[in-house]
Amino acid sequence: MASKGIKDQVAIVGMGCTPFGEHWDRSVDDMLIDASTEAYASAGIEQDDVDAFWFGTLASGVSGLTLSRALKINYKPVTRVENMCATGSEAFRNACYAVASGAYDLVAAVGVEKLKDNGMSGLVSQPLPGDGTRPELTAPAMFSLLAPAYANKYGVDTDEMKDVLTRIAWKNHYNGARNPRAQFRKEVGKDTICNAPLIAGQLGIFDCSGVSDGSAAAILCRAEDAHKYTDKPLYVKGLGFASGPAAGPIDPDYDYTTFNEVVASAADAYAQAGITDPRAQVAMAEVHDCFTPTELVLMEDLGFAERGMAWKEVMAGTYDLDGELPVNPDGGLKSFGHPIGASGLRMLFECWLQLRQEAPEDRQISSVTEGGKTLGMTHNLGGAPGECVSFVGIVGSELG
Amino acid sequence: MRGIIGYGTYVPYYRLQRSAITAALGSGGGRGTRAVASYDEDATSMAVEAGRNLLRSVDGLVPDSVYFSTATPPYLDKTNATVVHAALNLPSRVFAGDVGGAPRSVNAALRSALDGSRLTMVAAADVRSGRPGSADEAQCGDAAVAWLIGGEDDGSVIAEWLGGASATGEFLDRWRLPAWDYSRVWEERFGEHAYLPLVTEAADAAFKETGLEPADVDVAVITGLHSRAVRGAARVAGLGEVPVANDLSASVGNTGTPHAGLILSSVLDESDPGRTIMVMHLADGVDVGFYRTTDAIASYTAIPSVVDQIAAGNDDLDYQAFLTWRGFLEREPPRRPDPVPPAAPPSLRSQAWKYAFVGSRDRSTGTVHLPPQRVSVKGGAVDDMEPVPMADVGATVATFTIDRLAYSLSPPVIAVVIDFDGGGRFQCQMTDADPDTVAIGDRVTMTFRRLMTADGVHNYFWKARPAG
Numbered sequence: 001m002a003s004k005g006i007k008d009q010v011a012i013v014g015m016g017c018t019p020f021g022e023h024w025d026r027s028v029d030d031m032l033i034d035a036s037t038e039a040y041a042s043a044g045i046e047q048d049d050v051d052a053f054w055f056g057t058l059a060s061g062v063s064g065l066t067l068s069r070a071l072k073i074n075y076k077p078v079t080r081v082e083n084m085c086a087t088g089s090e091a092f093r094n095a096c097y098a099v100a101s102g103a104y105d106l107v108a109a110v111g112v113e114k115l116k117d118n119g120m121s122g123l124v125s126q127p128l129p130g131d132g133t134r135p136e137l138t139a140p141a142m143f144s145l146l147a148p149a150y151a152n153k154y155g156v157d158t159d160e161m162k163d164v165l166t167r168i169a170w171k172n173h174y175n176g177a178r179n180p181r182a183q184f185r186k187e188v189g190k191d192t193i194c195n196a197p198l199i200a201g202q203l204g205i206f207d208c209s210g211v212s213d214g215s216a217a218a219i220l221c222r223a224e225d226a227h228k229y230t231d232k233p234l235y236v237k238g239l240g241f242a243s244g245p246a247a248g249p250i251d252p253d254y255d256y257t258t259f260n261e262v263v264a265s266a267a268d269a270y271a272q273a274g275i276t277d278p279r280a281q282v283a284m285a286e287v288h289d290c291f292t293p294t295e296l297v298l299m300e301d302l303g304f305a306e307r308g309m310a311w312k313e314v315m316a317g318t319y320d321l322d323g324e325l326p327v328n329p330d331g332g333l334k335s336f337g338h339p340i341g342a343s344g345l346r347m348l349f350e351c352w353l354q355l356r357q358e359a360p361e362d363r364q365i366s367s368v369t370e371g372g373k374t375l376g377m378t379h380n381l382g383g384a385p386g387e388c389v390s391f392v393g394i395v396g397s398e399l400g
Numbered sequence: 001m002r003g004i005i006g007y008g009t010y011v012p013y014y015r016l017q018r019s020a021i022t023a024a025l026g027s028g029g030g031r032g033t034r035a036v037a038s039y040d041e042d043a044t045s046m047a048v049e050a051g052r053n054l055l056r057s058v059d060g061l062v063p064d065s066v067y068f069s070t071a072t073p074p075y076l077d078k079t080n081a082t083v084v085h086a087a088l089n090l091p092s093r094v095f096a097g098d099v100g101g102a103p104r105s106v107n108a109a110l111r112s113a114l115d116g117s118r119l120t121m122v123a124a125a126d127v128r129s130g131r132p133g134s135a136d137e138a139q140c141g142d143a144a145v146a147w148l149i150g151g152e153d154d155g156s157v158i159a160e161w162l163g164g165a166s167a168t169g170e171f172l173d174r175w176r177l178p179a180w181d182y183s184r185v186w187e188e189r190f191g192e193h194a195y196l197p198l199v200t201e202a203a204d205a206a207f208k209e210t211g212l213e214p215a216d217v218d219v220a221v222i223t224g225l226h227s228r229a230v231r232g233a234a235r236v237a238g239l240g241e242v243p244v245a246n247d248l249s250a251s252v253g254n255t256g257t258p259h260a261g262l263i264l265s266s267v268l269d270e271s272d273p274g275r276t277i278m279v280m281h282l283a284d285g286v287d288v289g290f291y292r293t294t295d296a297i298a299s300y301t302a303i304p305s306v307v308d309q310i311a312a313g314n315d316d317l318d319y320q321a322f323l324t325w326r327g328f329l330e331r332e333p334p335r336r337p338d339p340v341p342p343a344a345p346p347s348l349r350s351q352a353w354k355y356a357f358v359g360s361r362d363r364s365t366g367t368v369h370l371p372p373q374r375v376s377v378k379g380g381a382v383d384d385m386e387p388v389p390m391a392d393v394g395a396t397v398a399t400f401t402i403d404r405l406a407y408s409l410s411p412p413v414i415a416v417v418i419d420f421d422g423g424g425r426f427q428c429q430m431t432d433a434d435p436d437t438v439a440i441g442d443r444v445t446m447t448f449r450r451l452m453t454a455d456g457v458h459n460y461f462w463k464a465r466p467a468g
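Those protein sequence lines, which keep their order, are chains L and P. Numbered by my numbering, the letters in the first sequence go through residues 1 to 400 in order. Numbered by my numbering, the letters in the second sequence go through residues 1 to 468 in order.
Be a bit skeptical, because a hint or two may be false.
Just so you have them, the derived chain L footprint on chain P, three or more residues with Cβ under 8 angstroms [to be verified]:
1) 182-195
2) 216-227
3) 323-337
4) 350-361
It should be emphasised that the hints constitute simulated quantities derived from the structure, not laboratory data. Ideal Cβ positions, reconstructed from N, Cα and C, are used throughout, including at glycine.
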């Protein structure tokens, strides 16, 4: 038994996304209102047209009330969704299935996170009562475990590895500099990135995604209704999701150079979408570059590079804005910022802009405008190497 | 015949050069080094390490009782010996209790064990310091010792207890209120005045009790926190030419409660059969005892020996780090949430895991799980597991990182993923290591540590450390 998929049954007909950043002057409610109303306007609808809502946040509120109270939703189903850093994608995925089931005609998926109100450095989680034996690594430390393992396995020396990670951060800052909604809108020189203070392992401050506030939203309907709302809908081609035994930290067979969950969720999504050669078929990919080694490993897990070769592809510019397969053309988590519950929908927002050829001119990718490619991918994960949840979604601007 | 069946010691990895104190403060300090419990160690965790070293040397013996003596107890009201008991994975029928408060309490525990009839572990440990610039800060040290006391029915006695005697006095020489992190002492010459007559009294009584004479003694172990009285003790005890054992003051410092045991262990490390050893401990009175090594000592090996642990120390410790670890220098913490203490019910549920590092092994595939699991990661068998103690199994670093963001009294945190010999993986902190030299493939062993303290709860668990 595998996923049957809902290819071309559901369409995205409107989207909204706030700027991401340190929004000292905006509350969770403000951001939810801004993203949702932008999405409604984009689809040409009123809030009362929406039949049901899927609302994702890691920790910026509980229950559907967080959304319905802010937006004064009139007695509609609001499902609060949480799946760590993949929360935004999970809200989108479940909303898609609700439409595909026929239960609703028009639904919204909304994600939000407010990270900058707690006064702490980095991401802070609320620990459950425990026995005090779980390793309490910070997020950059957990993902930095990938770097020495990858370098050791593939014979990349420490300095080369630093150059590879630096180039990933440099590329995502370059892209983010061309995105008015991004948290960090400046190019950053490789020397600056490379010489920044270390946070964890080889990772400096520029190897880490931006801790930020933000919200994003999507409006979905059945594919056959899409043109009621927009001339340029995106169609959902495949939705893969994997949550595994989380055995990496306890199983010596796991080598910290891959995410098994990503491989599984990508295979499922590709099968649903009929993709056999993702590197050639996909116009662009928004991937979960929470830290630079994550993006490196993802290139292999998602089939964009042979095993052990992604570091060379990175250095060759394969994933640059003007490269063979642009990855994170909007700047990614690195530069756009990572408000947890919003990120998955923010990735989708970039597909919305790029595949509809509505991205700013200096960021519009040629694989769409000249290459004629119509498929975009979003990849979103939560957790840590060896124990994560992973989402892979494929959307396209054409049916079939 | 009753006496010592086994012993184990623990000298922590770090040494403070006394000259570092002088350099920082312009006074205090002195020559040589003192042993320093790391930021993640306390008297209890060090007693666990000494107990592990002891139990490794007396293969298969399980004590009937555990007494733990310390003048620096991590907990009051809550028994500290139960942590030692749990970490050594001893059965619940084994009694464990604290005999603590002052350095002399170790002699209460030892005498009770020697006079009794059961196989008894006596563990002792102190973390000793004083206010910056004080004599205690420079001259004291941190260490632990564990003895196994019993008779010939219990195992091979390596040092027979020949008897001893005591003299008790009530005088104000050294004192500390429970909330203080340093001791106060009266004028040095007063203590000497009070101690030395008690030395003579106790030594005379001990010789009379045992029928020994000074000429029968091959070596004397003399210790106590009043160093001036200790220096004069051999003379007033009438020991004449009897050699006095190295008191380890140049390398370890005076470790207080465990110190007589630490010196005795260093003597036993080097002893042949038939040696008569006098132990004299000056602490609120004087306790004198005699041991004679038996033929069994020839086949006893304490691993590691005291001298090996002294040699393995790292004397690069900064004075600022030392002050920070001991709470005399409060540093700005990172902008991160306060640590959360372990909760009581989950800690009880996972007691064998948390305290004794016992994992589970899937009977059908042999897969080792750390922490123990009910469902196997290989094959998915449910509830077909047996407990597997992993604390003494070696491991290899599979990957690692240096976490500069995480809160620690001694940043940065070194985190390692380690693969155990024969199967099993765990991710944990690495301690007693240099963050600049950790590498994939490094060999490590497990060590029992206090990870942190929050809301007055000490979080004890295991870390990796470089294999010796």
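Do the hints match the structure? See the list:
1. Counting residues of the segment 182-195 of chain P whose C-beta lies closer than 8 angstroms to any C-beta of chain L gives 0; at least three are required, and the coverage claim is violated.
2. Proximity of the segment 216-227 of chain P to chain L, defined as three or more residues with a beta carbon under 8 angstroms from a beta carbon of that chain, is not established by the 0 residues found.
3. With a threshold of 8 angstroms between beta carbons, the proposed coverage of the segment 323-337 of chain P by chain L holds, since 4 of its residues qualify and at least three are required.
4. Restraint check on the segment 350-361 of chain P versus chain L: 3 residues with Cβ-Cβ distances below 8 angstroms, three needed, restraint holds.
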